[in-house]
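Throw the hints in and build the complete structure from the sequences for me.
Now for the letters of each chain:
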Amino acid sequence: MPAEQSDQDGQLQIARDRRLARRVLRGDQRAIKAFCDEYLPKLYRFARSRLPTDQDADDVVQVVLTNAARRMETYRGEAPLLGWLYQICRREISKHLGAAARHGTVVSFQQDAATESAVAFATAPAADEPEAVSGTDQFAAQVHAALDQLPENYARALEMKYVDGYSSKEIAQSMKLADAAVQSLLARGRRAFRQLYDAADFGLETKDGDGKEAPRRYR
Amino acid sequence: MIDRETPRDRVSDVEEERRLAGILSQAGSRTAPSEAQLERWAGHFRATLADARAEKRRRWQIRAAGIAASVSAVAVVLFMMQAPDLPVAAGIADVYLVFGGNTVDGAQGTQRSLVSGERLNVGDRLRTGLRGGLGMKYRGADVRIGGDTEVIVYTTRLELVSGVVYVDTGGSRSAQTDVVVVTRLGLVTHLGTQYVVQLDSDRLVSAVREGQIIFRSEQEKRQLSADASTAGEIRVAEDGSVTESRKPRSGEQWDWVVEISPGISLTGRSPDEVLTWAARESGRTLKYADEKTAAVAREGRLAGTDAKISSPEVLSAVEASTRLRFLPADSGTLLVGLRDL
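Note that the protein sequences, when read in sequence, are chains A and B. Read the first sequence against the working numbering and you will find it ends at 219, with the numbers running on by one and no gaps. Read the second sequence against the working numbering and you will find it ends at 341, with the numbers running on by one and no gaps.
Possibly wrong hints are sitting among the right ones.
To be verified - Straight-line C-alpha distance at most 30 Å; calculated DSSO-like pairs for lysine-lysine: (1) 33(A) - 221(B); (2) 95(A) - 221(B); (3) 56(B) - 33(A).
Calculated directly from the structure, the hints in this document are not laboratory data.
Written out as structure tokens, the structure is:
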């Protein structure tokens with residue numbers, strides 16, 4: 001994807017986020033629904049991939065939403081809303097893990113790679129934060145994180161096509177779009193995904209056992 | 001907008017598609033929260049937004065009042081050389097009793113131990129210890145929070161995350177004293193009452209032993225009343241199904257409430273006054289065996305210290321210091337007679 005177009009897409013996304021935040025602040029119920037539909041699953045996945053249990057993720061998402069609702073007016077629209085929410089979420093994860101460690105509820109995390117990486121992640125300075133550390137789960141978490149950064153219709157179309165195995169026609173039916181529009185959506189989705197993937201320093205050039213090209217795990 | 005591709009783009013897209021297919025299929029589907037979680041979070045977000053907006057409006061009103069007060073002050077200073085005090089933002093609940101280990105997470109992210117006499121602010125999250133509990137005055141009502149309970153205090157509602165809450169509005173109902181308890185399974189409000197709301201991991205139980213309560217969820221709206229001898233109880237299962245039943249007005253469900261009582265001072269009060277209070281505290285109706293007993297209870301005056309005592313202590317004190325005694329009766333009645341001289 002040409003850098004210029006990517007930049008334009010990014011600016012459009014930010015402008016859209018700014019409008020959405022303003023409408024949410026005004027109490028516009030449709031905007032609130034759109035906000036919840038788009039961001040709650042993403043926040044959950046972000047928290048869940050960094051916390052040991054579903055309950056922990058649930059608690060953190062709730063706190064993040066409390067903070068986001070109270071501080072929405074401080075969102076200036078200088079970066080995507082998702083990044084702003086992730087920033088709040090990172091802080092809450094760090095606090096949550098810190099509190100759990102103080103109360104002794106985080107046990108033997110040295111033997112639990114996911115939790116260990118979550119603790120390492122949560123306590124690392126923002127500039128040093130890798131989005132994932134190692135392992136199959138972390139690879140999946142990285143791919144999902146990249147999908148979550150795409151506009152939801154891109155991510156959904158890609159997932160339906162390449163994970164669930166739907167044809168373009170079936171996706172068109174499900175998303176109530178014309179077949180040509182789905183083709184275009186998939187092409188844009190692939191480009192955007194690829195760019196995010198590259199930016200995250202994923203390897204794309206290795207081959208799997210069948211000789212097909214498959215991703216290299218995140219180092 | 002239709003994305004127009006060149007033949008060269010198509011070739012590279014085919015290549016890219018193969019790679020992406022491998023990546024995405026290996027990663028699998030994104031995990032998704034349950035519908036119930038999404039619904040609960042969305043409800044929480046909406047409610048917090050509404051509170052934040054209400055709070056903002058209130059701050060503006062205070063600021064406007066402050067400006068108005070300042071303008072007035074200029075005029076007043078000319079005459080009195082003294083400016084009036086500006087309004088100060090106040091807390092929304094006053095804690096009168098605390099026992100066991102309780103903490104509060106402030107809206108600003110600070111955590112502290114909760115002490116008696118503390119004033120709570122919007123968004124404070126209370127967590128009572130396993131054997132803890134607290135009582136507070138909130139919107140003119142007496143609210144008691146049982147052990148192992150988590151509650152978030154908002155301007156117009158209490159959000160019960162888990163555990164048990166008791167509300168006594170003293171029989172009054174107005175816009176200022178409406179106390180709404182919100183849970184993930186629905187909300188409970190009242191029409192002047194004593195009620196309890198308990199949220200467990202798999203159900204919500206709410207009971208009313210005076211007045212009426214209203215339960216509302218997305219699917220249900222129920223109104224429930226207490227009568228002279230029984231409490232109304234409503235149970236809401238995780239799937240939203242609701243059942244109603246009649247229960248005694250006292251018992252295990254209510255016993256903990258007495259332990260977090262604000263208490264009453266005996267000095268200068270009539271036995272009738274303190275017995276009426278003690279009976280209400282325990283969900284019973286005060287009855288006298290005869291007119292003579294009632295007259296003794298109304299006309300007498302109690303003496304003692306100004307210390308506030310609980311309802312069981314009130315009964316002991318009255319029995320020890322007057323001619324009144326307690327007669328056997330059903331569980332919903334506090335029956336009082338006269339001791340023979």
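_Next pair to validate is residue 56(B) with residue 33(A); report whether the Cα-Cα distance is within 30 Å._
holds, 22 Å
*Are residue 33(A) and residue 221(B) close enough, with their CA atoms no more than 30 Å apart?*
Cα-Cα ~24 Å, so holds.
*Between residue 95(A) and residue 221(B), does the CA-CA distance stay at or below 30 Å?*
Violated, at roughly 39 Å.
Of the hints listed earlier, the one the structure fails to meet is number 2.
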